[in-house]
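Sequences listed follow chains A, B, C and D, in order.
For the first sequence, the positions run 1 to 497 when this note's numbering is used.
For the second sequence, the positions run 1001 to 1324 when this note's numbering is used.
For the third sequence, the positions run 2001 to 2324 when this note's numbering is used.
For the fourth sequence, the positions run 3001 to 3285 when this note's numbering is used.
Keep in mind the hints are simulated off the structure, nothing from the lab.
Here the structure is a predicted model, which is why all the values come from computation and not from measurement.
Note that CB positions come from ideal geometry on N, CA and C, so glycine has one too.
Be careful, since some hints might not be right.
To be verified - Okay, the calculated beta carbon distance ranges per label pair:
| no. | chain 1 | residue 1 | chain 2 | residue 2 | range |
| --- | --- | --- | --- | --- | --- |
| 1 | B | L1312 | A | D447 | 51 to 57 Å |
| 2 | D | R3262 | B | I1316 | 37 to 43 Å |
| 3 | D | E3228 | B | F1090 | 51 to 57 Å |
| 4 | B | I1316 | D | A3097 | 44 to 50 Å |
| 5 | D | E3252 | C | I2172 | 54 to 60 Å |
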Amino acid sequence: MLLEARNISKSFPGVKALDDVSLQFYPGQVNVILGENGAGKSTLLKILTGVYPQYEGSILLDGKVLRFGSVREAQRAGIAIIHQELNLIPQLTVSENLFLGRELHRELGLLDSTEMNRQTQAVLEKLQLDIAPQTPVRRLKVGEQQLVEIARALLTDAEVILMDEPTSALSDTEIDNLHRIIRDLKADGKTIVYISHKMDELFRIADHYTVLRDGVMVGTGKMEDTTEAELIRLMVGRELKIEAKTLVTQSDEVVMRVKDLDLDHPYVRQRKVLENISFNLKRGEILGIFGLMGAGRTELLETLFGLHPGRSRYRLEIEGTARQFKSPQEAIRQGLAFVTEDRKAEGLILGMDIAANISLPTLSETPMLQPQREKELARSYVDQLAIKTPSERQLCRNLSGGNQQKVVLAKWLSTRPKILFMDEPTRGIDIKAKHELYELMKQLVADGLSILLVSSEIPEILTLSDRILVMAEGRITGDFSVTEADEDHLLKAALPG
Amino acid sequence: MNLTFNNQLLRKSQSLIALFLLCLLIALLSDKFLTTSNLWNVLRQISVNVCIAVGMTLVVLMAGIDLSVGSVLAFSGAICAGLIKFGFAFESLDLFVGFTVLGGILGAMLVGLLLGLFNGWVITRFVVPPFVATLAMLTIARGLTMLYTKGIPISNLGPGLEFIGSGWLLGIPVPVWISLIVVLVFVFISRKTAFGRYIYAIGGNEKAAFLSGININRIKLAVYGLAGMLAAIGGVLVTARLNSAQPNAGMTYELDAIAAVVIGGTSLSGGVGSVTGTVIGAAIIGVLNNGLVLLNVSPFWQQVAKGVVILLAVIIDKMNRKEA
Amino acid sequence: MNLTFNNQLLRKSQSLIALFLLCLLIALLSDKFLTTSNLWNVLRQISVNVCIAVGMTLVVLMAGIDLSVGSVLAFSGAICAGLIKFGFAFESLDLFVGFTVLGGILGAMLVGLLLGLFNGWVITRFVVPPFVATLAMLTIARGLTMLYTKGIPISNLGPGLEFIGSGWLLGIPVPVWISLIVVLVFVFISRKTAFGRYIYAIGGNEKAAFLSGININRIKLAVYGLAGMLAAIGGVLVTARLNSAQPNAGMTYELDAIAAVVIGGTSLSGGVGSVTGTVIGAAIIGVLNNGLVLLNVSPFWQQVAKGVVILLAVIIDKMNRKEA
Amino acid sequence: SEETKKVAVVISTLNNPWFVVLAESAAENARELGYEAKIFDSQNNPATESDNFENLIASGFDAILFNPTDADGSIVNIMKAKAAEVPVFCMDREVNADDAATSQILSDNYSGCVEIGIEFVKALDGRGKYVELLGLVGDNNTWARSGGFHSVVDEFPGLEMVAQQSADFDRNRAMEVMETILQAQPDIDAVFCGNDAMAMGAYQALQGAGKADAVKVFGFDGAADVIEKIGEGKIVATGMQYPKVMARTAAEYAHEYFNGRREFPQRVPVEVELVDAGNVDQYQE
Ligand SMILES: Nc1ncnc2c1ncn2[C@@H]1O[C@H](COP(=O)(O)OP(=O)(O)OP(=O)(O)O)[C@@H](O)[C@H]1O
Ligand SMILES: Nc1ncnc2c1ncn2[C@@H]1O[C@H](COP(=O)(O)OP(=O)(O)OP(=O)(O)O)[C@@H](O)[C@H]1O
Ligand SMILES: O[C@@H]1[C@H](O)[C@@H](O)CO[C@@H]1O
Ligand SMILES: [Mg+2]
Ligand SMILES: [Mg+2]
């Protein structure tokens, strides 16, 4: 069905998120929406699915004007959405989540669990996701949860499927998988709307594009008629030059030495999540860690940062001194910093302002707050990292994703760390912010910082790292210098078994 | 399949173990404990808390709380007694309606439902935190009870109501029957219906539930309404048992109900727990109260002991669950 | 800068508006309300709730709750009276220690601190939900009070303590001085120190705070300890005012304290709110209680009125904030 | 039998010192007579009282010294004991049934307050403004006392009740409520309080406002601190109840019951005596 938006405008207090946007999404095609963080992409999708019933303009489905007063009405009209943020109920099972709000019933209003489980199993198989329908979602890792979100949209038999950054937490294999499914849907004549910041996948999957900038539509057309550079120019408003990493010759000084690291499974006795991990990190080095979803990379960083003192064993030297961390506090004191995977849940206190978030790890230096110093510190990072905000007293909740990520980074840089852990630092970040971040990382290592970088994006790992470790099933299965690494090598090493 | 199933079993068996240990301890110390008549006592005594706590379970599963149940119990109990004894007079219309016992009970349940719906309305319509909305209702419903009864008990309500409070049916006390039916109905609702599923979903992640097209406000309204209605059933039971409606009935019952819910393994942050767990929680509290009396613990020490046992029950539960 | 600052100002001014409207209403209905002596009266009467509610604010800012403050108040008040009147006897050592008034007060504060720390310990060490841990303490501390006093008030504690309860200093009642000092100290702590910032951070996002190197457990322990100590100061004030420690002092005071916190704009889910807001909340409750008696509203209606006003205060607050 | 008999003391609430005294002395008397005794707290709640009765019957108590929570609501509970052939002796508060308890040893709250009312009218010479502080509004003693008092005082149109508020039988509440009432009604002549704890609180408020001499305070109970104040001329009168006498009588009746006596008077009124400046010396220890 042809989905059309006419003259859509939407304002939030102080922000005009969409300004007179008109566009069309064609059946049998993948229609992508591009734009920087905060351009209004998600807002548009939320209007199209009844999440925001208040807006100006009109929505047309096959020429018929519709106005959705609720999520349910949009569902009934045959529109399904995969939201940017994970929207699953952690305590419910996969099957219960998939059918939430549209359960199957037997006689007497009884839930038909058998049938729901059967259908769940089928759709999971289609996605090649090897989990039982009765697994509680809280047991799944982020990537698996994202696949469950996708499964939910597939299950509805909707004519229009909107996907807001469905691949942000997926590694390449799963992305390929998803693309395969999307092609099937296309073949069935469904209308797909797709948002992603990953340029390379867009050229693989998309047919039609629309670019938003600051809530205004600035371009639309067929993918085959455009180039990456052109799209970036539309999004950013200027050319972006991607600089390859200049190989700096670093010192041979090892700042962190990890030996024989083991981490027990939290629930299953005798099982290990991480096993026998040893590596060195040198001063001024970016050590990339690649792996498929669930390889244990996050857990490795967490363990080194003192988050699992009860169930881990390891020998660790920081600058030649043996250390054991029982809490993040101890790790921070020895010069470690950790940009976590999930900036909202773990990185920021969203209800606090930028300055307060940045100063949080260094407050303990004095019992009294020093508002002036705090403000200056924040100011300097807002300038240095080009954080887009009206003031350093802006609440983090009101920042777009990329800018939030920069605040997390600023927070950790303010501790003047020797070693920086970064876990998927560019997830959900637009291309401009990403490049700014890359530049910054290069500058930081040039100044002597060492970085342990976990990423599922091969291009990112390859551009940034001096050396790359590959993990699979909790072990190190590959160790490459950047000169010998390429996509094939990394993927081969990352495959389990 | 296995994972969830085992987990639920485990979760419940934790509280069951605590209950079992408590019973064992008391039985070892007093030979009166495991007598038939005493066990019926315990069951009859917990029946009111079971009714209230089942409603509280739904509310807490939804990450809410209802502090008003004790006052709602008192008001509905008074209404039940008042309707049966005095009927309902529309003076302006010169109309008088008499009520049977059943009529009185249904009237009380309706009043409980309405007060509960009012809670739900305030919570959903004005986005007032449940703690505050129901705290206000705690005061308001108590005041209404005092106004309705003028602070004086309504007594001598006849043999019909008395039967509900003190009678036996097929060898089982009537209040036990009633609480049993309440439990079965709500175990069924919470486990087998979409409504039940939505309660868990809202408690687990309200935003996600909303985005799944669930009408959050309607579910909340219904749950607070049901909690009020169940408190009213508790009110009928208390009134029937004493054959008298007391204006200060039900004071601090909300705390016992919440304790039963939490000891039974339902998380105050919502999404996790079960009605059957709550029943076990209520049983633990009931056995504890019974045991402290049987064991001759002095009333002042009883309070200390009660607090300590509640703490221990929750801690044991936590520790076992972590290991498992 | 401007945005947050304005927001905070706004947030506070909402409750101030509610307070103002309430005062206006009462002043229109009774010309006794705005007399100097009545206003001192109100301030003196809210001083106990202010002390408790300030502690409760810290706890709630951290997304916790403390139901035990009323019982802790009673126990510390009894200890204060007991120490002053009977001293402390180590019978086995044949040692007797007499206490001055100051000694008694410090002893009470120490006891409050210890009970609070125990709450904090249970909450952090065993990951028991604050609601349950402090509910247990509510029962335990009440039992301890009964045991210590044998259920009978400890009276005639001498002029020193009486001065603290009923004396005036520089034209201001001593309890008002004490609550003023408490407020100033905790406004300062919550706004100007790292410790205060950590409290907000933990309430805002506990996990992020932990990952930023904050020792969550230590902060929680300290906050529950302080809440206990502030309840003890409340206990000293109540005891001093009556020149007598009542075993049933402080019953349901936790509800008044929580109401003050919430009416004052602090969110029960943590991270948002302020000590000054709580003071305004306590003032609203105090003025309301005062007004209901000044207007000689019947005790039956008072409860209804109180509930309704609390609801209205919170709803007005919510609505204004949404518009803003 | 050879075993020591067990006596249960079921008390309406231990949250009020007056009842603590009643309970403790009942238990003490029973022990002195050679029985095992245990106190049960009904927490002002007839439903809890029901639980207590069931539990104590199940655990084999032989007699109950009983202070009921409610005149009607407690009848069912006594009937349970009766059915189990456990004698019940009511203390202080009555139940509205003559065929339930073995005997009721009662303090007559209503008549006691009639006496207070008479004294009140005399002291005020039949004219003036007064305040009444009620106990817990859901408590039947509250209304018995208020009723007795008003049955006299309301006959005198010169006596105007300018405020009637509840202070929950609690000293602190009474002080606060009185403080506030004094703001609205600075020129009252008297206060009648439903118990002595409230009388003490009201007195303290009056003292704080410098009105202790101008306002006449009346209480009920005969608590030691109020007796002392009557001796000092600061409180006018109270109704002396005899918790210890009632407790002793009830314990002795139980003793006689065990020894075979079956005939007891259904109601044994223990008179509430008016204590004022004229006779206070008889009550001071
Ligand atoms: N609920 C809201 N309240 C206030 N402002 C909002 C709200 N939701 C979005 N905004 C603002 O509207 C603008 C558009 O946001 P939107 O989420 O649509 O961006 P997006 O293009 O999806 O960005 P991203 O790539 O980061 O997901 C942003 O400036 C954002 O800050
Ligand atoms: N909540 C959990 N329950 C059970 N097992 C878990 C849980 N979290 C992690 N694991 C185990 O830890 C392993 C590593 O997970 P982790 O999230 O660290 O992987 P990762 O490589 O960082 O993946 P991602 O790219 O998704 O972050 C998983 O294979 C899984 O066995
Ligand atoms: O007299 C006593 C007490 O004083 C009381 O506080 C309530 O009722 C009683 O019978
Ligand atoms: Mg978006
Ligand atoms: Mg990870």
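- [ ] Hint says 51 to 57 Å; check whether the CB-CB distance for L1312 (chain B) and D447 (chain A) agrees.
- [x] 55 Å, holds
Task: Supplied distance hint 51 to 57 Å, evaluated on CB atoms of E3228 (chain D) and F1090 (chain B) - done: 56 Å Cβ-Cβ, so the 51 to 57 Å window holds.
- [ ] Could you see if the CB distance from R3262 (chain D) to I1316 (chain B) stays within 37 to 43 Å?
- [x] At 51 Å between Cβs, range violated.
TODO: Using the Cβ atoms, figure out if I1316 (chain B) sits within 44 to 50 Å of A3097 (chain D).
DONE: 46 Å, holds
Open item on the list: Is 54 to 60 Å respected by the C-beta to C-beta distance linking E3252 (chain D) and I2172 (chain C)?
Closed with: 57 Å, holds
Going down the numbered hints, you'll see the structure goes against just number 2.
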